[in-house]
Amino acid sequence: MPEPNGHVNLVLVSHSAEIAHGLADLVGQIAGPDVRIVTAGGAVDGSLGTDGSAVLAALRTASAGAGTVVLVDLGSSVLSVRAAIAELTEEESERIGVADAPLVEGAVAAGVAASTGCTLAQAVEAAEGACNVAKL
Amino acid sequence: MSPSSDVLVERTARLPEEVALHARPAGWLVRAAAAFAADVHVSANGRRADAKSILDVLALGAEGGTELAIDASGEDAVAAAEHLVLLIPKLT
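If you read the sequences in order, they're chains A and B.
Counting in our numbering, the first sequence runs from -6 upward without gaps.
Counting in our numbering, the second sequence runs from 657 upward without gaps.
Rather than coming from a laboratory, the hints here were simulated on the basis of the structure.
All C-beta atoms, glycine included, are put in the ideal place defined by N, C-alpha and C.
Please note: incorrect hints may appear among the correct ones.
[Said to hold, decoys possible] Distance ranges between label pairs, derived from CB positions:
id, chain 1, residue 1, chain 2, residue 2, range
1, A, Asp27, B, Leu742, 38 to 46 angstroms
2, A, Leu129, B, Val741, 24 to 32 angstroms
3, B, Gly721, A, Asp27, 23 to 31 angstroms
4, B, Glu738, A, Asp27, 41 to 49 angstroms
5, B, Glu719, A, Gly(-1), 33 to 41 angstroms
6, B, Lys746, A, Ala114, 43 to 51 angstroms
7, B, Val741, A, Asn125, 28 to 36 angstroms
8, A, Thr112, B, Arg704, 24 to 32 angstroms
9, A, Asn125, B, Glu738, 48 to 56 angstroms
10, A, Gln22, B, Gly721, 16 to 24 angstroms
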């Protein structure tokens, strides 16, 4: 197995392609150009929904580097991610961390953490820490 | 061990008038702070943020021209605080 190197990547999974793309823009601006952000938004026909094969493609696209943090929006996004991970080899799936975090805040936190050159576990921890940050 | 290890190092720095501590500049600040081992905080508007937490820093809501109070503790606290003193007025 190659030694992990480079930055942690992000995969953003949403029921809406627009949400996923807009969030990728936002995170890209805050985290800078070193963090790769791949989106899987919307159903196969472009409507609202999630698409396990698109998630799988995103996970494979993001597989280089120091690992991949996956951020999800609602309900079936989680199921699509689980289904996609089940298609990967054990070696591939060990380099993926699904964050139990709010999508926007978690992606921003994970993206900036990744931009500092942190590990996969630290990026997941940064995303999950977003659960405890008050907005007001 | 540095002599600053038990001391809270305090500095201030002012954001450029036209640069609020939003999105991109906040990301730069966090990346800069994260390069140090020290615990680093920045304060403004009555809030104190962990300078290594982007969500904390964004929640400060610091507008352009705001004076930020920096405090740092730990082995490279002086270097961390002084690095941020130089960086903050140059954020774009």
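Structure-based check of all given hints:
Take A/Asp27 and B/Leu742: their Cβ atoms lie about 22 angstroms apart, and the range 38 to 46 angstroms is violated. Distance hint for A/Leu129 and B/Val741: a CB-CB separation of about 30 angstroms, consistent with the stated range 24 to 32 angstroms. Restraint check, B/Gly721 to A/Asp27: a C-beta distance of roughly 30 angstroms satisfies the suggested window 23 to 31 angstroms. Checked against the hint of 41 to 49 angstroms, the pair B/Glu738 and A/Asp27 fails, with Cβ atoms roughly 25 angstroms apart.
Judged by the Cβ atoms, the range 33 to 41 angstroms given for B/Glu719 and A/Gly(-1) holds: they are separated by roughly 35 angstroms. Remark: the range hint 43 to 51 angstroms for B/Lys746 to A/Ala114 is contradicted by a beta-carbon distance near 33 angstroms. Between B/Val741 and A/Asn125 the C-beta distance comes to about 29 angstroms, which sits within the given range of 28 to 36 angstroms. Under the hint 24 to 32 angstroms, the C-beta atoms of A/Thr112 and B/Arg704, about 27 angstroms apart, fit the expected range.
Taking the beta carbon of each, A/Asn125 and B/Glu738 are about 30 angstroms apart, not inside 48 to 56 angstroms as hinted. Taken as a hint, the range 16 to 24 angstroms holds for the pair A/Gln22 and B/Gly721, whose Cβ atoms sit roughly 22 angstroms apart.
Checked against the numbered hints above, the structure violates hints 1, 4, 6 and 9; every other hint is satisfied.
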